[in-house]
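Can you make the complete structure from the sequences, with help from the hints?
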Amino acid sequence: MAPEPSSEVPPNFWGHMPEEEYYTSQGVRNTKSHFQTPNAKIFTQSFLPLHQPIKATVFMTHGYGSDTGWLFQKICISFANWGYAVFAADLLGHGRSEGLRCYLGDMETVAATSLSFFLDVRRSEPYKTLPAFLFGESMGGLATLLMYFQSDPGTWTGLIFSAPLFVIPEDMKPSKVHLFMYGLLFGLADTWAAMPDNKMVGKAIRDPEKLKVIASNPRRYTGPPRVGTMRELLRVTQYVQDNFSKVTAPFFTAHGTADGVTCPSSSKLLYEKASSEDKTLKLYDGMYHSLIQGEPDESANLVLGDMREWIDDRVRRYGSQ
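Numbering-wise, the UniProt record's numbering puts 103 at position 103 of the sequence shown, and it's gapless, one number per residue.
Mixed in with the good hints there might be a few duds.
[To be verified] The calculated EDC-like cross-link candidates involving lysine to aspartate or glutamate, where the alpha carbons are at most 16 Å apart (straight line), are:
no., residue 1, residue 2
1, K203, E170
2, K41, E125
3, K279, E232
4, K212, E20
5, K55, E309
6, K246, E232
7, K282, E309
[Said to hold, decoys possible] Each pair of labels, with its calculated beta carbon distance range:
no., residue 1, residue 2, range
8, R29, K268, 37 to 47 Å
9, L234, I54, 13 to 23 Å
10, G260, H51, 36 to 46 Å
11, E272, R317, 42 to 52 Å
12, S124, F149, 21 to 31 Å
13, W14, G305, 35 to 45 Å
14, F149, K268, 41 to 51 Å
15, G319, R123, 11 to 21 Å
16, D312, F149, 18 to 28 Å
17, E170, E8, 37 to 47 Å
18, S265, H51, 21 to 31 Å
These are computed hints drawn from the structure, not numbers from a lab.
Keep in mind the model is a prediction, meaning the values are calculated, not measured.
Ideal placement from N, C-alpha and C gives every residue a C-beta, glycine not left out.
Spelled out as structure tokens, the structure:
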């Protein structure tokens, strides 16, 4: 009688291959560490190209409920293979960073916590003279824009957004009644995981096999959204919409037209209102929310190809600082 297949979740999204062996096979050197910030200790990773010189740095931020340790790494590895030194951090309250799981009661603090690590690397040798880019996916795009606003002018060569959360779709917005009722408890309910769950993962991933891989992430947050998180996302999305005109850095923003998690109007509004002279908007017909992690390879590679063309051109155009 044949043995039943194991239901054990592998330690990594690629399976049981040892980490160093896997990263070497992908042409990158990976390091993991924890970084102490004024707010908390956060988990960080770096992905450096093994076989080519480093031409710039890219600082990456993942989305809601996710982390840098699962399929998000494929984005980091792709950029490293193009010659970029990639640094990523688990957001406060996510993955292996400290903080209450998926509680985002103060997005400015969440952004500042990751930014403290990014700036520490940005200002260090041998990276301080290289072009430097911020990359944010989904809610990580919202955090990335806050980091940009919190940074000194000229810190960042450019910004890259993949389906950023700047506008919340109407069917994803928290009920004003729920928020009002919980608000009557004078903040006591802020950390409660009590808001309706809109099952975002199923709306984000188009490729069913990749959906299985993403759903198997042992560090993915699967509980209901916390009251304070939804209240804060409503506030901060309105804040960035009101301040799009303050964006002057070059940027690339991408959205799928069938995105059911964040509105394609997020990218459109940024493109229309930003003061940047160098700005690029890409809309991908029929693609879902997770443009790189969740689309079939052919579609994901199209997005990655556009991002590579854009960032390579900006490195040539703006050079070292």
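Structure-based check of each hint:
{"no.": "1", "hint": "K203 / E170", "result": "holds (14 Å)"}
{"no.": "2", "hint": "K41 / E125", "result": "violated (23 Å)"}
{"no.": "3", "hint": "K279 / E232", "result": "violated (28 Å)"}
{"no.": "4", "hint": "K212 / E20", "result": "violated (24 Å)"}
{"no.": "5", "hint": "K55 / E309", "result": "holds (14 Å)"}
{"no.": "6", "hint": "K246 / E232", "result": "violated (21 Å)"}
{"no.": "7", "hint": "K282 / E309", "result": "holds (12 Å)"}
{"no.": "8", "hint": "R29 / K268: 37 to 47 Å", "result": "holds (38 Å)"}
{"no.": "9", "hint": "L234 / I54: 13 to 23 Å", "result": "violated (39 Å)"}
{"no.": "10", "hint": "G260 / H51: 36 to 46 Å", "result": "holds (39 Å)"}
{"no.": "11", "hint": "E272 / R317: 42 to 52 Å", "result": "violated (23 Å)"}
{"no.": "12", "hint": "S124 / F149: 21 to 31 Å", "result": "holds (23 Å)"}
{"no.": "13", "hint": "W14 / G305: 35 to 45 Å", "result": "violated (22 Å)"}
{"no.": "14", "hint": "F149 / K268: 41 to 51 Å", "result": "violated (20 Å)"}
{"no.": "15", "hint": "G319 / R123: 11 to 21 Å", "result": "holds (18 Å)"}
{"no.": "16", "hint": "D312 / F149: 18 to 28 Å", "result": "holds (26 Å)"}
{"no.": "17", "hint": "E170 / E8: 37 to 47 Å", "result": "holds (41 Å)"}
{"no.": "18", "hint": "S265 / H51: 21 to 31 Å", "result": "violated (41 Å)"}
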